[in-house]
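Quick note: to get the working numbering, add 12 to the position in the sequence shown (first position is 1).
No lab work stands behind these hints: they were computed from the structure. From the three backbone atoms N, C-alpha and C, an ideal C-beta is built for every residue, glycine too. Take these hints with a grain of salt, some might be off.
Unchecked claim - Straight-line C-alpha distance at most 20 Å; calculated DMTMM-like pairs for lysine to aspartate or glutamate:
#	residue 1	residue 2
1	Lys188	Glu236
2	Lys158	Glu261
3	Lys218	Glu261
4	Lys313	Glu290
5	Lys158	Asp276
6	Lys142	Glu290
7	Lys97	Asp159
8	Lys244	Asp232
9	Lys97	Asp157
10	Lys219	Asp159
11	Lys218	Asp176
12	Lys158	Glu119
13	Lys67	Asp176
14	Lys313	Glu261
15	Lys188	Asp166
16	Lys142	Asp181
17	Lys411	Glu290
18	Lys142	Glu119
19	Lys219	Asp276
What the hints assert, rightly or not - With beta-carbon atoms standing in for the labels, derived distance ranges:
#	residue 1	residue 2	range
20	Arg332	Leu83	41 to 51 Å
21	Lys237	Leu83	38 to 48 Å
22	Pro104	Ser183	30 to 40 Å
23	Thr395	Gln364	19 to 29 Å
24	Glu290	Met103	21 to 31 Å
25	Ser183	Gln364	55 to 65 Å
26	Gly52	Gly335	36 to 46 Å
27	Asp105	Ala333	37 to 47 Å
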Amino acid sequence: MISCTFHPMSRPTLFLIDGSSQMYRAYHAFRGKGLSNQEGQTTHAVYVFVTMLRKLIADHKPAYIAASFDLAGPTFRDQIVDDYKANRVAMPDDLAEQINWVHQACEALGVPIVTAEGYEADDVIGTLAKRAAAEGFEVAIVSIDKDFFQLVRDGVRVYDPREDGAWFDASGVVDKFGVQPPQVTDVLALVGDTSDNVAGVPGIGKKGATDLITQYGSLDALLEKAGELKPKQRDALVTHRAAALQSRELVTIRTDVPIEVDFDALKYRGGSRERCYELFSRLAFRTLVNEYAPTADSIEKDYAFVRTVGELEGLIADLRAAGEFALRVIPSEPSAMRASIVGVAFSTRDRQARYIPVGHEGSDGGKDLLSGASAPLQLDRHTALERLRPLLEDPSIRKIG
13 MISCTFHPMS RPTLFLIDGS SQMYRAYHAF RGKGLSNQEG QTTHAVYVFV
63 TMLRKLIADH KPAYIAASFD LAGPTFRDQI VDDYKANRVA MPDDLAEQIN
113 WVHQACEALG VPIVTAEGYE ADDVIGTLAK RAAAEGFEVA IVSIDKDFFQ
163 LVRDGVRVYD PREDGAWFDA SGVVDKFGVQ PPQVTDVLAL VGDTSDNVAG
213 VPGIGKKGAT DLITQYGSLD ALLEKAGELK PKQRDALVTH RAAALQSREL
263 VTIRTDVPIE VDFDALKYRG GSRERCYELF SRLAFRTLVN EYAPTADSIE
313 KDYAFVRTVG ELEGLIADLR AAGEFALRVI PSEPSAMRAS IVGVAFSTRD
363 RQARYIPVGH EGSDGGKDLL SGASAPLQLD RHTALERLRP LLEDPSIRKI
413 G
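Based on the sequences and whatever the hints tell you, model everything.
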């Protein structure tokens, strides 16, 4: 594969993922393999997309990252051409059903999604790339779409994640596409794209378009000097001049989408283990479920002492609101005949507890049972128990001993 060699610079790198094209690629790459969840819903596009995204993050450890997806509804290009993309085959139902899961996967893995009404994902990425490069970022556009070659410039590269990956700078674009990045739209305008209803100029293919733009430098210069061409090309360009200019407008990625850009919000802070586990469980991705399963270290715990009257009243209110709670009385010694109450522990859910120390010996209130540090003064036993009595005697609240 022809490409440039990518050498990370000292500038922070922002990875911009062309989510829509990657999702389509994922759908077709694994189609027919029968991957589905417990409800029988097809999930293979999500699985391949997640695999790509996890590999990208693991391999490149991005400092900043975002993904963009096409939104449903018309864009400004539909105002230029009424039947823009009318020839495209409708999205398969089993892919449409996976879009929301792909979005959830991005968010669970810590990848923000940026979109804009009335614009395609390409335009959002183009705008982010231009602004980020101006702010001093090294930008990597993750896509297999050749249209993004037009955005390549100093500080902006295109990364094709297929196989071992390929990086394209300006020289890589010339090697791969045949022209400089600023000339890409001119070639695309001449060639056209039937699936998107981009007319182009009939009779001029990719090689012919590349040769013409290389020779004349731009579409405008080519149209200006169309009379110098052989009759067939001359007549095609003269007849379809307006179509060529309109086609260039359609294939040009916008870099001025009116969106607020907060690059700090695009800083990669890692994914949520809990959200990944929950999502991958619903999708029945067994290997990923095992990988993201909660561990003792990852489980959040919510333990705290109650040492003031205000904290005690707050706890009582919470316990009443819960409607039921577990409690444990901590005795001073095993013998029930001689023991006094040292403390009372309450819990309303797993890995959550509140402990009221009332009988620890020592002027410092004893040792903190959670951290091992010296605990501050504790509540008076009589005061604490009297305030707890109405709660403990309330028959409408279930107690679990």
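Verification of the hints:
| no. | hint | verdict |
| --- | --- | --- |
| 1 | Lys188 with Glu236 | violated (27 Å) |
| 2 | Lys158 with Glu261 | holds (16 Å) |
| 3 | Lys218 with Glu261 | holds (18 Å) |
| 4 | Lys313 with Glu290 | holds (18 Å) |
| 5 | Lys158 with Asp276 | violated (29 Å) |
| 6 | Lys142 with Glu290 | violated (36 Å) |
| 7 | Lys97 with Asp159 | holds (15 Å) |
| 8 | Lys244 with Asp232 | holds (19 Å) |
| 9 | Lys97 with Asp157 | holds (16 Å) |
| 10 | Lys219 with Asp159 | holds (16 Å) |
| 11 | Lys218 with Asp176 | violated (27 Å) |
| 12 | Lys158 with Glu119 | violated (27 Å) |
| 13 | Lys67 with Asp176 | holds (11 Å) |
| 14 | Lys313 with Glu261 | violated (56 Å) |
| 15 | Lys188 with Asp166 | holds (18 Å) |
| 16 | Lys142 with Asp181 | holds (15 Å) |
| 17 | Lys411 with Glu290 | violated (30 Å) |
| 18 | Lys142 with Glu119 | violated (24 Å) |
| 19 | Lys219 with Asp276 | violated (43 Å) |
| 20 | Arg332 with Leu83: 41 to 51 Å | holds (46 Å) |
| 21 | Lys237 with Leu83: 38 to 48 Å | holds (41 Å) |
| 22 | Pro104 with Ser183: 30 to 40 Å | holds (38 Å) |
| 23 | Thr395 with Gln364: 19 to 29 Å | holds (24 Å) |
| 24 | Glu290 with Met103: 21 to 31 Å | holds (26 Å) |
| 25 | Ser183 with Gln364: 55 to 65 Å | holds (59 Å) |
| 26 | Gly52 with Gly335: 36 to 46 Å | holds (37 Å) |
| 27 | Asp105 with Ala333: 37 to 47 Å | holds (44 Å) |
In this structure, the hints that do not hold are numbers 1, 5, 6, 11, 12, 14, 17, 18, 19, in rising order.
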